[in-house]
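Build out the structure end to end from the sequences listed, making use of the hints.
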Amino acid sequence: MNKLQEKIQGIYLQTHRPSSLRLFSILLYSWLLLYLLWNVPVHELIWGRSSFNMPIVAPPGVFQNIYYFLVYNGPLSKWVLIIHGIACFLAIFRCLGVIPRILVYITGAMLYNAGYLSYNGGYILCWLMSFYLIFADSRGSHPIRNVLNNIAITACMMQVMLVYGVAAWLKWQGNTWMEGSSVYYTLQMEHFSPAGIGNWLSQFYWLMLILNYAGLFYQSLFPIVVLFKRFRTWWLLTGLGFHLFIIIVMGLWDFGLAMIISYAVFLDEEKSAGILKKFGIRNNQSKASTIRSIV
Amino acid sequence: MLAVIGVLALVIHFVITLLYVSSTSYLSQISRPITEKYMEPAFYQGWSLFAPDVAHWDCKVDYRVMRKNSWGSWNYTGELPNQSHPKIQEMSIKVGHYMGFLLHDNLYEENGVMRFDRCEANGYYRMAYFMAIAHQNKIDSSPWDSLQIRARMIFPAAFGTKAETIYKNYDFPARGATQAAP
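Heads up: the protein sequence lines correspond to chains A and B, in order.
Residue numbers for the first sequence follow numbering that gives the first Met the number 0, so the first one is 0 and each next one is one higher.
Residue numbers for the second sequence follow numbering that gives the first Met the number 0, so the first one is 0 and each next one is one higher.
I should point out that these hints are in silico values taken from the structure, not numbers from a laboratory.
Treat each hint with caution, since some may be false.
[Said to hold, decoys possible] Mimicking DSSO-like on lysine-lysine, the simulated pairs with C-alpha atoms at most 27 Å apart in a straight line are:
#, chain 1, residue 1, chain 2, residue 2
1, A, Lys-77, A, Lys-6
2, B, Lys-161, B, Lys-86
3, B, Lys-86, B, Lys-167
4, A, Lys-77, B, Lys-86
5, B, Lys-137, A, Lys-77
6, A, Lys-6, A, Lys-228
The following block contains the structure:
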C-alpha cells in the first residue's frame, strides 16, 4: 500500500524524465515539419482544387467539422499548411506555450482528413502523440505540471506499445505471416522496392523467412520487453535496425523515421540529457523540481 | 487526487483505443458504436501495418478517356507528365491497393462474362474514378465523353516457387462524362 502511495506521489512530485520529454518533443515536431515541407510541392494535388483525394463525407456536428474543415475548403489549404508549419516550428522551440501545440494537433487532423491518401501510419502516430504532448512542458515544476508531463510521456509510451502490440496481434491471424511469405510478397510490390534492392533480396528464400518471423516476433515482444530496463537499449537498437531496413529497402522513410523517433520516449534520462547536451540544447527544468525530487 | 484522475483518464483512453483498434475481436465489434464516437475523428487510428495478410498481387490504376468517339491512350494515375513527386505515386498505389482487394472480393463471372457491378457499387471504385478525373484534368482539361478505369494486376510467382509473373488487366465498364460515379 505504501509503495502504491509513493508511486502516486511520484506522479506529481516531479517530472520523471524531463530530458527524454524534451528530446522527444523536438524530434516529433521536427518530423511533422519535415513531412509538411516534403508535401508542399504537391499540396495542390493533396489538398487543393486538383486534389486526388475524393472528399469524405464528414459527420454532422460543429466539433467534428473542425477536423474535416479542409475537406470542403481545399482552396484554404495553403493557409492551414502555413499555420501548421509555423506551429510546428514554435513548438520545437517551446514558444508561446500551449497554443502552437494545440494548433499542430488541430491543423494536423485537418490535413489528414482532406489528404488521407497521401498519409500512412507514421503520420498518424506522430499526430496522435502531438495530442499527448499538448499537455507536456518539461519546464514546469508545479504539481499539476508534473502530473501532466508524466501522464503525457506515459501516454506516448503506451501509444507506441499499442502500435506494435496490435499490429502483431493482427498479424498472428494472417496466413502470409504464419507461412513466412509476407516480406516476400511485400517486396514484390514495385512501390515497396523502389531501388530494386527488395526485389533482388526476395530471391533468397531463407532470408525472406527469417525477416518475416523476426519482424513478427519483434513486434509481438516489443510491448513487454521494452518495460525491462535491462533489455531496453538492446531492444531499441534492434528496432532501429528493423526500421532502417524499412527506410532503405522499402523506401518508407516517413514511417520508419516516425517509429525511430518514437523510441526517444523510452530513452533513459541520462542518455537523453547527453544527446541534448551534444546538440547544445538546454532543458531548463526548474531547480525547484530537481530539489523536490531529491528531498 | 489530480494524479489519480490523470491515471484513470489515461487507462480509460487506452482501453477504448485498444477496443477500437483490435477490430477483429468480439469485444471490439460489440463496443464499436461507442468506441467510434469517442475515437473518430479526434483519435482516429488503425494499426494493421501489412496485417493480417499481405496482398499476393500488385495493382495499378490506369484510365483512358474518349473524345469524339475515339479512345485515347491509357494513363497511369501514379505519374504526371510535368510533375514528379513520390506522393503522386503513393496516392495512386493506395487506391490500387484498395482496388486489388475490391476485385478479389467482388468480381464474379456470369455466363462467361466478367461482372463488375459489385465492384462499382463500392466506395473504393468511386475513389479510383475521382482520382482518374483529377488526373485527367491535370494533364488535359478539355471535355471528354467517357472514362474507363483499368486495374492493372501483377501476380508475382508464389513464394518458394519459380513460376512466371502473371500480368492481367481488368477493364471496368466505361462511364459517360455526364454520369456521376456510381
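Open item on the list: Flag every earlier hint the structure violates by its number, smallest first.
Closed with: Violated hints (numbers, rising): 1 and 2; every other hint is consistent with the structure.
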